[in-house]
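Undergrad: Here's the letter readout for the chains.
2 protein chains.
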Amino acid sequence: MSTKYTLELRPDKKEIKVSKGENLLACAIKAGVYLNSSCGGDGVCGRCKVLIKKGDYKTEPTGRLTSEEKKKGYVLACLTTIQGDLTVHIPKESKLDLAKISDGDAQFLRLKGIYSEAEEADAGKAIIDESIYSHSPLATKVYLQPPLPTLEDSISDLERLYRELRKTRDIPIMQTGLTNIKRLGSLLRHSNWKITATLGKRNETTEIVVIEPGDTSNRNLGVAFDIGTTTVTGQLVNLNTRKILGTKATYNKQVAFGSDVISRIIYATEEHGLERLHHAVVDNMNDIIRVLIEETKLNLTDIMGVMCAGNTTMIHLLLRVDPTFIRREPYVATANFVPVIRAAEVGIKIHPRGLLACVPGVSTYVGGDITAGVVASGIANEAKTTLLIDIGTNGEIALGNREWLVCCSASAGPAFEGSGVTCGMRATKCAIQGVKIKDRQDGIKLTTIKGGKPCGICGSGYIDILAELFRNGIMNKNGKINREIKSKRVREGKDGLEYVVCWKEESEADSDIVISEADIENLKCSKGAIYSAAATLLKKVGLTFKDIDQVMIAGGFGTNIDIDKAIMIGLLPDIDRAKFKFIGNSSLVGSREILLSYQAMEKAEEIARKMTYIELSVEPRYMDEYVASLFFPHTDLDKFPSVKEAIRGVRSK
Amino acid sequence: MSTKYTLELRPDKKEIKVSKGENLLACAIKAGVYLNSSCGGDGVCGRCKVLIKKGDYKTEPTGRLTSEEKKKGYVLACLTTIQGDLTVHIPKESKLDLAKISDGDAQFLRLKGIYSEAEEADAGKAIIDESIYSHSPLATKVYLQPPLPTLEDSISDLERLYRELRKTRDIPIMQTGLTNIKRLGSLLRHSNWKITATLGKRNETTEIVVIEPGDTSNRNLGVAFDIGTTTVTGQLVNLNTRKILGTKATYNKQVAFGSDVISRIIYATEEHGLERLHHAVVDNMNDIIRVLIEETKLNLTDIMGVMCAGNTTMIHLLLRVDPTFIRREPYVATANFVPVIRAAEVGIKIHPRGLLACVPGVSTYVGGDITAGVVASGIANEAKTTLLIDIGTNGEIALGNREWLVCCSASAGPAFEGSGVTCGMRATKCAIQGVKIKDRQDGIKLTTIKGGKPCGICGSGYIDILAELFRNGIMNKNGKINREIKSKRVREGKDGLEYVVCWKEESEADSDIVISEADIENLKCSKGAIYSAAATLLKKVGLTFKDIDQVMIAGGFGTNIDIDKAIMIGLLPDIDRAKFKFIGNSSLVGSREILLSYQAMEKAEEIARKMTYIELSVEPRYMDEYVASLFFPHTDLDKFPSVKEAIRGVRSK
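So the sequence lines, in the order shown, correspond to chains A and B. Numbered according to UniProt numbering, the first sequence spans residues 1 to 653. Numbered according to UniProt numbering, the second sequence spans residues 1 to 653.
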């Protein structure tokens, strides 16, 4: 055994024993303190900055810290090894806040039945009526009182059970496991031949999942999950009544190992990497389930089924399937259609024999989350041609109607989710979400989530800032800040010019909250990726934005953005605003629909098979579209007539 | 920890450490020395007699030992507890010889392809031609070289695998487990896209059982088992070519816990009882598999499937399913149709993901062994009306043709298998198998298996003795020995009169080999149970023995009996000898057929569903039939005209 040192983490006051030479980032995670780390510990992103208060350590040189920071004692945790007892201060901006977002707190991620009650009432209508699909959940409970065996009717217990079940419903292929058979004889007799069988749909087969004594048929719960790269959301549902009993969201703990799927795939190749990523998301899901059960005072063991919608990488990591080949040409997933398994097989704590199903994905870069979204949006059932944009880290886009469906995926990156940008943060309390610049000099009006003092900028805040900077001529269409502007907010930073959004004194941050030209470049690439992907997809099928009957914007992100401003920066196309619908977390709604209806699962399978996936990287016109969209709003201003009009008005002032 | 004493078992020279108060029978089993114990350790059968050489012990009073035996130091192991260091001698007749019966030794249990090469050549023809059923084994290996993925053809690895498999065959419902999916990505790439998939039939679904790198498709083995109450037989088969690679039999180790199913069911209710019975048969199977693999120099992990035929209790114990309810009215099994599971689930050591299937049973007392027998005999495919009698401990009987099938089960008991009778032994080396009484005085000619000095009497020996005693008027039709006979062989024994078959000096036994009136009573009940069951079954369908086109005798037992003598004692009906066919271990042949053909499995399922089970205990005429058959050959001698003729001839001498 090597010498053990004490690592103290402030301000959390957490202490753990560590060995000489251990990595500081890994130790912090071990201690339960999650640091930001977009690059997965490669020393590239500079997000895991910590301050050494005292003790022995070794750290590698890095260009991600200023010489002033280095003088003060800042290091990157991922590049630092422990050489003795060590006390470290974790600055607020380096810390990944893993606190649960309760229903009440969910101002941004609108979780109560996906939407808030009033504000997005119209948006709610965009979601299809639940009754489109038959009520045939992943798990069904049936109370049975089979006739007692007699000398004349002495078929075996298992056949008696099958016969009784087949009286209640048509079940062509039925099976059960040895565990249930082992218990069956005494169970039937001790329960006086009154039992409840839970039937589970395992692909084409109906499984007797579990047999319980007495009548428990009114206790049948399920949890629908949307496993996002950034956020994991779970919804507890009564599988008998379809009633939503609660919704919880939490950050995906995997963020500590990289903010986007690519960095996580890379991390998965490291020693224990896959294991850690797997456990992170399973922990998330178990946490959510536990809180949902505690709040509703229901029983964990009454949860008989879990449905998951997530992008292909998230599903691979959930199942502990190596995602390596997803990022190697020709970009192939191990499985897009995953068989139904027992939730316990991946460590999800519900009924020990409860089932876990995953919504099928279309392709490597269009996962079950978009399939679920298409199911939820109903676009595959409608005559109207609809464009569905899921603004997440991966920017999945689907297009079509009940006749045809195409889709693609844009590598949007996590910028709009507050990652990879200097002062970016996730959309939680005290994040700047709305910005209005009153004049070119110093007048600026900020709105934060829950109204506290700002400590960073979230995605909708960045959209507003970009639109306002552009509209006011502070930033030009290339994304360069106008150094002629006479404002103390415009200044030279370490990454070129920057604009101060909020002074340190007015904030809760450790320094001024700024947007740099590097940040703008980053955001420009993100918005350009989404817009050009949508444009390419349309061209591929011979349509333009004008031919679209409606545009559905999905993603936790999508419920709060200013549509005019999103158009102004060229994130969304400049078409009739009435055509836009926010459908919130469509992946979660779809996941729930599929949990509640095998018919919806069949629809999802049909969509996943039928939807044509367009790999943008092999589309020659995509690169042209992308390059053309790397302007605010676009290189061709005629594509954005309302923006052309708006900036003419403002700039002529 | 309690004090540890040393238990020495002679003549095996085995020593183990035991605790004070431990049961001697249990300790002997623990030491690997299996004692006879028909009653399961209840002190009733008196078969576990051992001689204490020295040491401390406590033993309960018993009437199963003579006072002379008690004086010498004999005790029943099951009634004895250990109180100090102990040395015990195990007499040959108390010991259950668990030695493997190799192909060469199998004179009685004819194991080489079920039959010996010449002697039973005719009997072999009774077994239906293998080609009746399509070649579609439980496990199939398919070598695949799927096309490499490209940007244009980038479906997931699993879908690619499914697509490739569906090019080779029609597979409507296909599934695989998470374990295979986890390995799939790197497996495909490291094997350069050359893999072998093993497909398993799991009821209606085709499972990808395992995926291996390279081409292993020529290595695909299976083992068919007949799990008898007394003997476990296994046959190694090449699943690709249907070639039989070897056959091994061994005593069912469960015999140590009771010789018949009822005493084993009772034993199963004791603490650890079910566990022990389960492990005993699994040990048997693993032993057989290991020897088969060693002799053929093949790989254990190339065994992909195991098929088991056995009576309902044997299958319950194999699966570790509580058999309690089998012997409680209304006599219901937990399952007659058992789903296909992984062999590893019950501890059978083949490929870790290899499958285990059981031949479906008809009812609680007519198990998969008789279904397998019906499949093997082909009676369900023939126009001829056939009576199939499986002479085992449970005496299953089937009757019918391709139009209809009925069956029943006679509680024959283990007497014809050499258990529950004074000098009975199983049909192995030095067992008396043939007897010819030359005169009423002392002239007797004995034949033993493999020709050694006699040490006991096996089933066919008992048939001969009974027939000879009866024919010579030494025993009357009630089974009573004629005390008027002037022969030193007839004498008073402890259970009434007895007849000395072989003097101690001419034998290898510890005392004279005798048949007592109690033994005769026992054998009479066994033969009466079988005959009357067959007669009742015929009457039930409005037929008599004369209407039967053929009688098939199955069971390891059946290959060696003298048909005339079996008729003389009234075990078999007195009809044209040409109608009798010995079909050997039909259960094993059926098990193999079903292992090799899913079509045969479907036939077995059809038979198990279609065959009408007649519960004899509720048939009013059965008791009359049974009582009438408790004579040699029968109370109504006109039913046995050839016997009537034969005894008239002899007795008139």
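Since the hints were derived computationally from the structure, they do not count as laboratory data. Any given hint could turn out to be false.
[Stated by the list, open to error] With a Cα cut of at most 25 angstroms, we get these calculated DSS-like pairs of lysine-lysine:
1) A/Lys349 / A/Lys429
2) A/Lys30 / A/Lys14
3) A/Lys201 / A/Lys546
4) A/Lys30 / A/Lys53
5) B/Lys488 / B/Lys445
6) A/Lys53 / A/Lys95
7) B/Lys201 / A/Lys182
8) A/Lys349 / B/Lys182
9) A/Lys201 / B/Lys182
10) A/Lys201 / B/Lys201
11) A/Lys182 / B/Lys349
12) A/Lys610 / B/Lys539
13) B/Lys445 / B/Lys92
14) A/Lys384 / A/Lys167
15) A/Lys438 / A/Lys384
16) B/Lys58 / B/Lys92
17) B/Lys349 / B/Lys297
18) A/Lys167 / B/Lys349
Undergrad: Taking 25 angstroms as the top limit, are the C-alpha atoms of A/Lys30 and A/Lys53 close enough?
TA: holds, 20 angstroms
Undergrad: Compare the distance between the alpha carbons of A/Lys349 and B/Lys182 with 25 angstroms, and conclude whether the hinted pair is satisfied.
TA: holds, 21 angstroms
Undergrad: Against the 25 angstroms threshold, does the CA-CA distance of B/Lys349 and B/Lys297 hold or violate the hint?
TA: holds, 16 angstroms
Undergrad: Is B/Lys445 close enough to B/Lys92, meaning Cα to Cα at most 25 angstroms?
TA: Status holds; Cα separation ~24 angstroms.
Undergrad: For the pair supplied as a hint, A/Lys30 and A/Lys14, confirm whether the alpha-carbon distance does not exceed 25 angstroms.
TA: OK: A/Lys30 and A/Lys14 at ~11 angstroms, within 25 angstroms.
Undergrad: Does the alpha-carbon distance linking A/Lys349 and A/Lys429 stay inside the 25 angstroms limit?
TA: The hint is violated at about 30 angstroms.
Undergrad: Are A/Lys182 and B/Lys349 close enough, with their CA atoms no more than 25 angstroms apart?
TA: Roughly 21 angstroms separates the two Cα atoms, so the pair holds.
Undergrad: Taking only the CA atoms, is the gap from A/Lys167 to B/Lys349 under or equal to 25 angstroms?
TA: Roughly 39 angstroms separates the two Cα atoms, so the pair is violated.
Undergrad: Next pair to validate is B/Lys488 with B/Lys445; report whether the Cα-Cα distance is within 25 angstroms.
TA: holds, 16 angstroms
Undergrad: Are A/Lys438 and A/Lys384 close enough, with their CA atoms no more than 25 angstroms apart?
TA: This hinted pair is violated, its Cα atoms lying about 41 angstroms apart.
Undergrad: Within 25 angstroms, alpha carbon to alpha carbon, are A/Lys53 and A/Lys95?
TA: The hint holds at about 17 angstroms.
Undergrad: Hey, A/Lys201 versus B/Lys201, does the alpha-carbon distance stay inside 25 angstroms?
TA: holds, 19 angstroms
Hint violations for this structure: numbers 1, 3, 12, 14, 15, 18, all remaining hints satisfied.
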